[in-house]
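**Q** Spelled out from the first residue to the last, the chains are:
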Amino acid sequence: MLHAKLIGSISAMAMLSAPAALAQDIDWKAQLGEHSGKTLRVMTITDPFIDSIKAVKDGFTDVTGAKIEVDGYGYDALHEKELLACSQNDGSYDVMLIDGIWIGEFAEAGCLDPVEEKIAENPDLYAWDDFTPAAAGQASWEGQRVCLPVGIYYELMYYRTDLFEQAGRKVPETFEELKDAAAFFTNNKDFPDVYGYAMNNKRGAAAGQQWFEWIYSAGGKPWVSNDIGSAEPYKDQTPLFNSQESVDLVQLFRDMVAYGPPGVESFAWDERANAFAAGKLAMINDWSVRAQIANDPKQSQIAGKFKAALMPHKDGGKTITPVGGWVACVNTHGAQKDAAWDFLKWFASKPVHRDFVLAGGPPSRLSAMEDKDIQAKFPWTSVLLEGQKDSWAEVRPRHSIAFQLIDTVGAHVNKAIIGELSAKDAMDAANTDVTKLLQDNGQL
Amino acid sequence: MANIAMRAGAPQEAPRRAFIHSDRFQRTAFIAPTCIFLALLTIWPFIYSVYLSLHAVKLTAMKRAVFVGANNYINLLSDPLFLRAMVNTGMLAVTSITCEIVIAFVIAKAFVSLSHLKWLNGLRSLFMLPMMVTPLIVGMIFSYVFNPVLGIANYLLGGVGLGPVPWFGDTTAAMISILLINIWQWTPFMMLLIMAGLLSIRSDLYEAARVDGAKWHHVLTLLEIPSIKGIVLLGVILRIIDTLRFFDVVYVTTRGGPGDSTMVLTLYAYQQNFQFFQAGVGSAAAVIILVISMVITTFAVRLLRRIEND
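Chains as they are written, first to last, in this note's numbering: chain A, 1484 to 1927; chain B, -1 to 308.
No lab work stands behind these hints: they were computed from the structure. Watch out, some of these pointers could steer you wrong.
[Said to hold, decoys possible] Distance windows between CB atoms, simulated:
1) B:Val158 / A:Val1707: 51 to 61 angstroms
2) A:Asp1710 / B:Gly156: 41 to 51 angstroms
3) A:Asp1779 / B:Phe35: 44 to 54 angstroms
4) B:Pro31 / A:Glu1552: 34 to 44 angstroms
5) A:Lys1919 / B:Trp42: 25 to 35 angstroms
[To be verified] Among chain A residues calculated to face chain B with C-beta under 8 angstroms, some are:
6) Glu1715
7) Tyr1717
8) Asn1757
[What the hints assert, rightly or not] Quick list of in silico lysine-lysine cross-link-like pairs, DSS-like style, CA-CA up to 25 angstroms:
9) A:Lys1564 / B:Lys61
10) A:Lys1521 / A:Lys1564
11) A:Lys1919 / B:Lys61
12) A:Lys1801 / A:Lys1872
13) A:Lys1550 / A:Lys1872
14) A:Lys1833 / A:Lys1860
Remember, predicted model here, so these are calculated numbers, not experimental data. Ideal Cβ placement from N, Cα and C applies to all residues, glycine included.
Just need the whole structure built from these sequences, with the hints factored in.
**A** Structure follows, in structure tokens:
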């Protein structure tokens, strides 16, 4: 905790002392090379922010002459494609946006050129301390700054203001209040066709990530040495998936099924966000980037009718806002690394990041979160600013078997959610399987 | 000296020319490209898969492979998830193919009986559409159709006064949904084969049966089924191989869940290889799938030959 607070204080000080050179009038011609005739290929997720990258990318072409091609893939497909390609020395993509939790895996595969030296060459332009502490943590691995955290999400709870006002209810802050509110809106004749809450219950990564996102707010932690703010979170990875806090949390997931639409056991990110945007849910928790979907009148029936709040926490505890999202990295096998570094230097800079966020991208810098124009356009930004203060970069594992570990946990959590196993039995099994997985891969 | 050499070389030309023109050489020369092609694209990857399956190795760190002997196979065959995937795949194959044969026979019989109606030809072509769609797209279409909140399936059920069904949210419903999708897509294939079999039955045999006073079930059991069983078995072999490779629909819709209820062998192997990058375990799973395919196919081909000989 001390560590996190220290980083937060340093970030704030750095912001106050940010030099004027970081204003809108950066001389990009002087900062960037000439790359006419080159085409940089960027590989990223097809999350809503892909359109925001496309909206700003021509600014780089105007300065350097290099064209930017952005290719988007689904979550699993992107992981597979990026990791397979770069581990086989494929340099066809110059810039890769990877999930912060994949960073250990990509580092192990020798895919990434660390950004550390580049920052040292031009610390003012990179303004590392302006990134939120948890975002900076997501882009770092084993004490080294590896990538640039340009697409960072925080998980918030979203609730329908019209329904809550009509019901005269306060927004839930604790797990008990959450259950109570979800029960109230479900099968309530005053709120027809509305269900209380939908969670990420689908087998695998969806349910697994959900467990990690909630466990700290439930008063638990995933393994022994992963305390918030720990300098060595991976020192002792003895799993704690069957701790009492974990079992109680999974029981909460199971209980919440009753307040979701039929088939909520198979919901993942898209189903949850779409059902909320369709006006079928009173509340959800979701990554901040997806608030765009609910706020877009073309895609949503609830635009302007919802607000964000911090996720609920265990009674007597506090919310640890989950952090995730995308960090931009240079492919170590790319043939145009100079141009790729220039693109990242430009794209991650404060003014371009601001434009990117105003175009709908997720704010990853404190300066963007505090920006009044951004707050006015995307009202949940002020909640992000509040939530990032109590966040922790290692809320989900980020080592080389993180993907498999999360999937394994998700398979067992899902069994409890569908009632195939009790919460205790499911999490005992999860603990056993994860222990074996960690041992087999030399992590334990 | 040069003349001597030429003179000495001259007698060697004849046997060389004879060898080039020999049947043996020409056979070898014609078969060689295919053999090389097979060796490079089929046999070598298989051998490499077997090699990987004997190692603990991640696809992202191939240089750190450690020989573990048959450990990957032992672990797989004692992994409840892999065993569940085997059972699910077997159940999917048996149930799906059985339903496909029955439904396909009824439809094929209807098409054959009404073949004099010209407009039915268009309908028959339309009926083939599902099997022409890429399975991944089929999965995506049905993930929308069976979406519990926004899908048309529950909307239609609501229209007739029925409650919503958690198509992919309940273990039994999810397996039935997967079965329905599989049957929907591949019944046309089976129908095509059965229809070809039915059309190959000579009309005078039907006439003879009618003169002999045969009932419909006599025609079915004594004439039609014996006539089409060879082609149906061929269809069954192809569909079994298809089902062992069944992946896309499950990947898009359920990811093997809820619980482990729709986990199939190919999804298990895919996850190990391309999501967890555990190339050793993934290769062992792939080898096991291949062995199962070979055993079933060999058995079925022998059965097919026996039927043909009968």
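**Q** So, for every hint listed, does it hold in this structure?
**A** Hint check:
Evaluation of the 51 to 61 angstroms hint for B:Val158 and A:Val1707 yields a pass: the beta carbon distance comes to about 55 angstroms. A hinted range of 41 to 51 angstroms for the beta carbons of A:Asp1710 and B:Gly156 is consistent with their spacing of about 50 angstroms. Distance hint check for A:Asp1779 and B:Phe35: the Cβ-Cβ separation is about 52 angstroms, which falls inside the suggested range of 44 to 54 angstroms. Taken as a hint, the range 34 to 44 angstroms holds for the pair B:Pro31 and A:Glu1552, whose Cβ atoms sit roughly 38 angstroms apart.
At roughly 33 angstroms, the beta carbons of A:Lys1919 and B:Trp42 sit within the given window of 25 to 35 angstroms. Against a cut-off of 8 angstroms between C-beta atoms, the interface hint on A:Glu1715 is violated, since the closest Cβ of chain B lies about 23 angstroms away. With 8 angstroms as the threshold, the beta carbon of A:Tyr1717 stays out of range of chain B, its nearest partner Cβ sitting at about 18 angstroms, so the hint is violated. Look at A:Asn1757: its Cβ gets to within about 6 angstroms of chain B, closer than 8 angstroms, so that hint holds up.
Taken as a hint, the A:Lys1564 and B:Lys61 pair is honoured in the structure, with Cα atoms around 20 angstroms apart against an allowance of 25 angstroms. At roughly 23 angstroms between alpha-carbon atoms, A:Lys1521 and A:Lys1564 fall within 25 angstroms of each other, so this suggested pair holds. As the CA atoms of A:Lys1919 and B:Lys61 are separated by approximately 23 angstroms, the hinted pair is consistent with the 25 angstroms bound. As the CA atoms of A:Lys1801 and A:Lys1872 are separated by approximately 12 angstroms, the hinted pair is consistent with the 25 angstroms bound.
Between A:Lys1550 and A:Lys1872 the CA atoms are separated by roughly 37 angstroms; this puts the pair beyond 25 angstroms, and the hint is violated. The suggested pairing of A:Lys1833 with A:Lys1860 holds, with an alpha-carbon distance near 18 angstroms, which does not exceed 25 angstroms.
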